Structures are given as C-alpha cells and as structure tokens.
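K.L.:
Now for the letters of each chain:
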Amino acid sequence: MSPLLQGVLTIIIGVGGCVGYFYLSNLILDKVIFPPRADNPGRNINRANLVRPWLFLFPAMFALGLYLVYPVVGSFWRSLFNRSGDEFIGFGNYTTMFGDAGFQTALFNNFLWVLFVPAAATFLGLLVAQLTDRLSWGNIAKSLIFMPMAISFVGASLIWKFVYANNADIGLINAIRDMFGASEPLDVLQLRFWNNFFLMVILIWIQTGFAMVILSAALRGIPEETIEAAIIDGANPFQIFFKIKVPQIMGTIVVVWTTITILVLKVFDIVYTMTGGNFGTEILPSYMMSYMFRDDGRATAVAFVIMIIVLPVMIWNIRQARAEMR
Amino acid sequence: MDNIAGTKSSLTWAVNLSVIFLVLLWLVPTIGLLVSSFRDRDQISASGWWLSPFPVEQNFRVRAPLDDLAQDGPLYVLEGNVFGEGSGSVSAFGGTSRAPDANEPGETAELTRDRTLTVAADGAFRYTSPAEIKREPSIYFASETPPDFSMGNYETIMASDNMDLAFINTLTVTIPATIIPILIAAFAAYALAWMDFAGRGLLIAIVVGLLVVPLQLALVPLLQLHNKVGIGQSFLGIWLAHTGFGLPLAIYLLRNYMVGLPRDIIESAKVDGATDFQVFTKIVLPLSFPALASFAIFQFLWTWNDLLVAKVFLPSNSESWVMTVKIADDLLGSRGGDWGILAAAAFISIAVPLVVFFTMQRYLVRGLLAGSVK
Chain E
178 MSPLLQGVLT
188 IIIGVGGCVG
198 YFYLSNLILD
208 KVIFPPRADN
218 PGRNINRANL
228 VRPWLFLFPA
238 MFALGLYLVY
248 PVVGSFWRSL
258 FNRSGDEFIG
268 FGNYTTMFGD
278 AGFQTALFNN
288 FLWVLFVPAA
298 ATFLGLLVAQ
308 LTDRLSWGNI
318 AKSLIFMPMA
328 ISFVGASLIW
338 KFVYANNADI
348 GLINAIRDMF
358 GASEPLDVLQ
368 LRFWNNFFLM
378 VILIWIQTGF
388 AMVILSAALR
398 GIPEETIEAA
408 IIDGANPFQI
418 FFKIKVPQIM
428 GTIVVVWTTI
438 TILVLKVFDI
448 VYTMTGGNFG
458 TEILPSYMMS
468 YMFRDDGRAT
478 AVAFVIMIIV
488 LPVMIWNIRQ
498 ARAEMR
Chain D
5 MDNIAGTKSS
15 LTWAVNLSVI
25 FLVLLWLVPT
35 IGLLVSSFRD
45 RDQISASGWW
55 LSPFPVEQNF
65 RVRAPLDDLA
75 QDGPLYVLEG
85 NVFGEGSGSV
95 SAFGGTSRAP
105 DANEPGETAE
115 LTRDRTLTVA
125 ADGAFRYTSP
135 AEIKREPSIY
145 FASETPPDFS
155 MGNYETIMAS
165 DNMDLAFINT
175 LTVTIPATII
185 PILIAAFAAY
195 ALAWMDFAGR
205 GLLIAIVVGL
215 LVVPLQLALV
225 PLLQLHNKVG
235 IGQSFLGIWL
245 AHTGFGLPLA
255 IYLLRNYMVG
265 LPRDIIESAK
275 VDGATDFQVF
285 TKIVLPLSFP
295 ALASFAIFQF
305 LWTWNDLLVA
315 KVFLPSNSES
325 WVMTVKIADD
335 LLGSRGGDWG
345 ILAAAAFISI
355 AVPLVVFFTM
365 QRYLVRGLLA
375 GSVK
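Sequence lines, in order, name chains E and D.
Per the numbering used here, the first sequence runs over residues 178 to 503.
Per the numbering used here, the second sequence runs over residues 5 to 378.
Chain E with its partners taken away, still in its complex shape (with noise of 0.2 Å):
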C-alpha cells in the first residue's frame, strides 16, 4: 500500500475513531451506566458529570502521558545504562561525557547561544516593531521580515550557505570582501569561534519575525494616555520609547526571550546542515543527534542535561500560568 493511501486511511481511521470514541463514550455514559431514570435520576445525572470530563480528557492525557511524560522517565532510567543497555552504569555516562572535550565545546557553544540568540532576536524584532508601528506600509514590511518563520530550519540553511558559500561569486559576504579588495575568499564558517556567530544569524533571522509580531501586539496594547502625557511633559521620542513604553511591556519582552531561549535549545538543524558540527560549532542538540542510534546511553545523557537547563524555564512558565488563572 502507497504511504499516500496509507495517509487518507490514517486520517479516516484516527478522526472517525476520535468521534467514534466520543460520542459512544458519552452514549454509553448517560444511557447505560447512569440513566437519568430509575429510582434516582437526579442522582444520577450528577454521577455522569462528575466522569464525563476524564472521558473529554482521556485520548489527549493518554497520548501526552505516552509522548511526553514517559519519555521524561524513560530517558532518564536509560541513561543510567550502558551503550548496549544490558549494564547499569549509574551515573557513568555524564562523568565520562562531561569528560569530554567534545561535550564541553558543545556546552559553551550552546551557552553562546542561549546568550545571543534570544537577546538578539528580541532586540530587532523590539526595534522592527517600533519602528513600523506608525508606518503607512509597516503591514506590510513587517509581513515580509515575519516571512523566515514559514521557512524550515534546513531551508534557511541553504538560504544562508548562499551567503556565506567560499566563494565570491556566490556567496554575498565574500562578493563585498571582494569589492573591497580582499584577495582570496574566506570561508566564514571555518573561522574558529566566530563562526558560532555566523550559525546564529541564521535562528535571528528566522526568530525576528516571531519576536517582531508579539511586540507589535503588545505595542499597540499600551494605553495611550500615558504616551500622551509624555508627550506633553516634553519627552522626546526616544524617551518616550525607553521609559515609557519599553518598562509597560516587560512582561511580553520577558515571554518573547524565555520563548526563544526554548527554542535555541532544542534546534540541531542549522549545525547539522551547515557544518556537521565541525570546525568548533557543536551544541548540544547536534551532539546528541551525533551519538542517537549510536549510543543510546549517551545520546540521553546529552537530552536529560537539556531537560535541566529548560526547567528553570519550565517551572517559571507553570507559576505565571496559575497566576494568571487565579
């Protein structure tokens, strides 16, 4: 059977199977084990809604307690294991990986970016949104600096293997060299240590747009009044924009960085396309990605110290949710 006609059935089975599931769930519960008849129908109707919402709940905590809570575990068990998974080593592989010297580029270059990337991105897209706030065509200039987010990790590497290619006759950055007199071309992402820099601008490019739209939103959420009255107090624009504004959207700026630090953790795709992790760019996910099916014990050694990095975040997320719902 062709993986195409596979699909359709998939979708046929999964969603008739998920309307299947609801509807005779809820039948059976009102007509079968609860009936609001007999001796007590009040009584009855209670105890239905009392379990109707975990028959709402059950495929999603099903499917979330499968695909991400057991992995939380799973990973953590596996990686007190060997290579093969047949010996219990402890805590054997993160001392030997953080023995490494491999591991411990891949550390500090994924500190460079969690440094980089979010305050990067924020800034501009802090700086787009402003400045096109006002703009007759802002619309539409921002819709094209948003447009790197449709593009996938792996596109964007290309689109960026154009600039930096080794070469002055394609790749832009090595064209201007050229222009302004260098003889040979340079292949920036050999550059030890600054080529790091070179693979980020790439996430900044994407993630701008992202931080841009968020912004502009929070932006425009600002109550006027206070603009005016600094206004009229005599601020200038620029202190209007950094003691005004700029301190009534904290929050949203504080979201937008945690946001993209989240992700800076957990993309390999830009490393794994543009250099493999050579000439000194490893980060994490990419060096996890370079022992997956080699040695699982490893492989998630590497995902549970991600796991801890992210917590902080994760456990930052949780309290400003409940917060909210109280």
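Keep in mind the hints are simulated off the structure, nothing from the lab.
Note that this is a predicted model, so its numbers are computed, not measured.
Only true hints are included.
Once the Cα atoms are required to be at most 27 Å apart in a straight line, the calculated DSSO-like pairs of lysine-lysine come out as:
# : chain 1 : residue 1 : chain 2 : residue 2
1 : D       : Lys286    : D       : Lys274
2 : E       : Lys208    : D       : Lys274
3 : D       : Lys286    : E       : Lys208
Dock chain D against the given chain E, drawing on the hints supplied.
P.N.:
Just chain D now, kept in the frame of chain E:
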C-alpha cells in the same frame, strides 16, 4: 500620537529608510536562493546572482574538427568558427588549459612546437602547425553569454533525484499529523475550559509544563517503544509521534480561546437541556474555528519543516525520505557543489509553507498571540 506635539519630519525619513534597509536585509538571502534556482549551473559559478540580469563571461572549450584540414605551403592549417553554426563574440582566447584566456581576440598565440592559433572577435579561428595535425586541437575561449534563466534545475531535481517522491512523503507525513491532534485536543480543551472537576488547575499546569519539554528526550525511549510494539520506524510511528508532540500546544491554544467564549451562550444551551457533548459539537467547536485554524497552521508548518522527528521515526532508506532529510542527508553531500540544484531543491521544500504563510497569516498571528502573550 505623533501629531500631538508636532512631527519631526527628519525622524520620519529616518524611520522609513531604516525599515527599508531592514526589509532588504531580511529579503536578500531568500531572493538570492530564488534567483539562483533558475540559473544555469555554469552561469552560477561564473557570476554572482546579483549580476544575473547581465550577460556573463563564461569560459568554453571547443575542438577544431580535423575534416577541414588544409595545407598552406609548408603549414598544415585548420580554419573554422568556434561558435560553429551559431554566433557570438569572443572576449579572450587561449590554446592551452593552463591559460584559457591569455590572448585578446585578433592576436596570434604562439603555442608549443611552433604551432600558432588566431581567433578573431567574431569567432573565426586559424590553427597552424608545421607538422601534420593528428589529434583535434582544443581551443579555449571566453565569451559573453546572455542571461540564461530556465526551469532546468527543477526538471533535473524532479526527474533524476527523486525530489517528487520526497515531496509526496512530506505531504504524507504532514496531513494526518496535522488533522489527528486537532480533534483530540479540542475535546480536552473543552473539558479544561468549561467543565468543573477536581484537579483541573493541576492538569492545565501540566500542559503548560509539557509545552517546553525538549523533544530530544522523547526520541530514544519512544523509538524503543515503537520497536517493541511492532510499529518500528514507519509512517504510522511518525504520525503518532507528531500527534503526541503537538498536543500540548493544541490544548493550550484551544483552551485559551474557548475560555474566552461568552458564558451566556453556553449556559443558556445547558438550561435548554443540551448535554456537554452537544454544547461542544454544536456551539463551542464551530465558534472556535479561528483557534483551530491557528493551530492547524502551526502544526502544518512544524511537521512540514521538521528534520529531527523524521530522521528518528521514519525508516532511513531513500524511499521514505522527506524533503528536509533528502536535502540535509543526501543532496548536500551528493550535489554539494551544484548550487543551482540545491537552490531548486530548497525552493521546492519552502514553496508550500510560504503559500500557506502568506494566505493564512492572519490566523498564524492570532495563534502566536494567543499562545505566548498572557
């Protein structure tokens, strides 16, 4: 607001100019890819894509056919035109591969063993040798060729590189993985938004927490699980994986939207005797269409563009490659220096998301705002 205290026109200019600059900066890389994908392979290596509307000086090599061999006194002579039947203009020529453009048109190049070569600007050449010519001599020349845009790269990549198969595979992964989570999430979101039960707050907190769990954690245990239950690396496996990974965002987005629906409608429906199931299917689901669309776009873009999950959960043989895997694992190696082909492949893979993006941008923006700003 600028009109209150008087606008500074110089500042408006600066704003316009800097926005134009930023937009150009953002667009230029993509335009480069698009232009390159239509250019001929030799032209790409001869001049940058920013020069593509102009004629390109390219180097050529022809062999002078021996049939025209004639004798002129003591010399053997070959005459003809480097352009053959066509026409063009020679900007430089040479008789060896070491110096293919050493001579100006009209000059006479002195070659080894007293041979000479003359090429005129219109392409007419004269090759002389004191000894008999046994092998067809090569003539190297440079010529301006007009810009050459064609669909050639796209045809090559589709015909000989199985990109069409990869495209269909991507589609096969994407559509079920987008549709299946929506319904599951919608029911759960309704329960979390409009039903009262113990532990609701805790469940919402768990969903928020799961939003940021790194996918990397899921790879090894789930692949082992899939292998154990017999799904293995397959399309079914990747659909299930994408469904699971997409659910937290789906539930979160839909719940946030459903909570904002007017309470009166739902309560009056319940007073009229509607069950929760009816309220959900007849009222909440139709009203939540914008949120459903937002999530569908997110999930579509994410599954279409995904490399990580496809690498792990799909079989690694070339029949099951999706486009991202095809480009990253195959084309970048086998076609590494063939920039036109790479550009065409990349553009095929980003064309559909771009169309979706530009037609459904409204829903995408709405989804982003619902998902992040609180």
